[in-house]
Amino acid sequence: MNKASTYLASLFLSVLLVFGILGSAVLTVTHLSINRDKAIELSQENALEQKVYDYLDKYYKDKYNTSGIPAEVYMEAIDVNWLRELIENSINDGFEALEGQSVPKRKLTNNDLEKNIRDFLSDYADKSGVNKDSKYEKQVDKVVENAYDTIQSACDVFKIRSLQQHGVLSKLSRIFSNIPLALAVISSTTLVLILILMLVNRKDTAYVLYWTGISAVIGGIIGIAPCAYLLITKYYNSFSIKQPQIYTAYTSAMYGYTSTVTATMIAVIVIGIAIMILYSVAWGFKQQSNEINAIKKTKN
Numbered sequence: 008m009n010k011a012s013t014y015l016a017s018l019f020l021s022v023l024l025v026f027g028i029l030g031s032a033v034l035t036v037t038h039l040s041i042n043r044d045k046a047i048e049l050s051q052e053n054a055l056e057q058k059v060y061d062y063l064d065k066y067y068k069d070k071y072n073t074s075g076i077p078a079e080v081y082m083e084a085i086d087v088n089w090l091r092e093l094i095e096n097s098i099n100d101g102f103e104a105l106e107g108q109s110v111p112k113r114k115l116t117n118n119d120l121e122k123n124i125r126d127f128l129s130d131y132a133d134k135s136g137v138n139k140d141s142k143y144e145k146q147v148d149k150v151v152e153n154a155y156d157t158i159q160s161a162c163d164v165f166k167i168r169s170l171q172q173h174g175v176l177s178k179l180s181r182i183f184s185n186i187p188l189a190l191a192v193i194s195s196t197t198l199v200l201i202l203i204l205m206l207v208n209r210k211d212t213a214y215v216l217y218w219t220g221i222s223a224v225i226g227g228i229i230g231i232a233p234c235a236y237l238l239i240t241k242y243y244n245s246f247s248i249k250q251p252q253i254y255t256a257y258t259s260a261m262y263g264y265t266s267t268v269t270a271t272m273i274a275v276i277v278i279g280i281a282i283m284i285l286y287s288v289a290w291g292f293k294q295q296s297n298e299i300n301a302i303k304k305t306k307n
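Just add 7 to the spot in the sequence shown (first one is 1) and you have this note's numbering.
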């Protein structure tokens, strides 16, 4: 290859390398960041169980005028430890579904909650002269069932059930399960591009450092630009989610992921700069060697 064709081939490979490095970095972050342990850790850091408790307390107080059941009937039987367990169960179920497993709906059990509801409604029936027949029992069972549904829905902080019901989770599952394969393919392709770049520049392999370094810097800049915008403008704060625990779960997850991608892109840029510095040192050493050889030839 002449110098012009070598340059053009290197430039083309460098452009491909930009997207290879960018894709590998993003997929690595995605693969390492999106897992059940991280999600559970996030829920604990943001005390989502307390937010669920506060939400339920407000919900039942607001509902008192229509249901006639005081919030205390429910809340005295609900504690944050139970809610934390339900949240973590919901997260585990969600990741099992993402992994392609069938996840049946969990049946909640809280004997104190059921007793409080049944005792209150029984006292109310006695005072009002309501006949405690099969119809009454069905209505009581319905109140208990609704309480469990409300609590379970509130603890589903990532809305796994809703995503499952609308068929979104099955689509996400196909993407999620293919992330390791995509990462392996793109990373392998990136390495192949570097090898081809070495072949193209076999007469002067120092140029491989230059093209690889500049590709890493450009890839990092392309990756960091949208992340910086999202973080600086606090874009995720504009999410319109009424339930505070769900809002916190989603926004904190998105900010955490975006921050991790940003940090990774900064690392990619730093590595790229380091490679280019290494190229400069190699180039300087080569120039010095050429000058020494030229002097020796002149003396001879």
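Think of the hints as simulated: they come from the structure by calculation, not from any bench.
Where hints are given, some of them may not hold.
DSSO-like, lysine-lysine: derived pairs with alpha carbons at most 30 Å apart [stated by the list, open to error]:
#, residue 1, residue 2
1, 10, 178
2, 112, 70
3, 178, 249
The hints, checked one at a time:
1. 10 to 178: Violated: residue 10 and residue 178 sit about 49 Å apart, past 30 Å.
2. 112 to 70: 26 Å, holds
3. 178 to 249: 25 Å, holds
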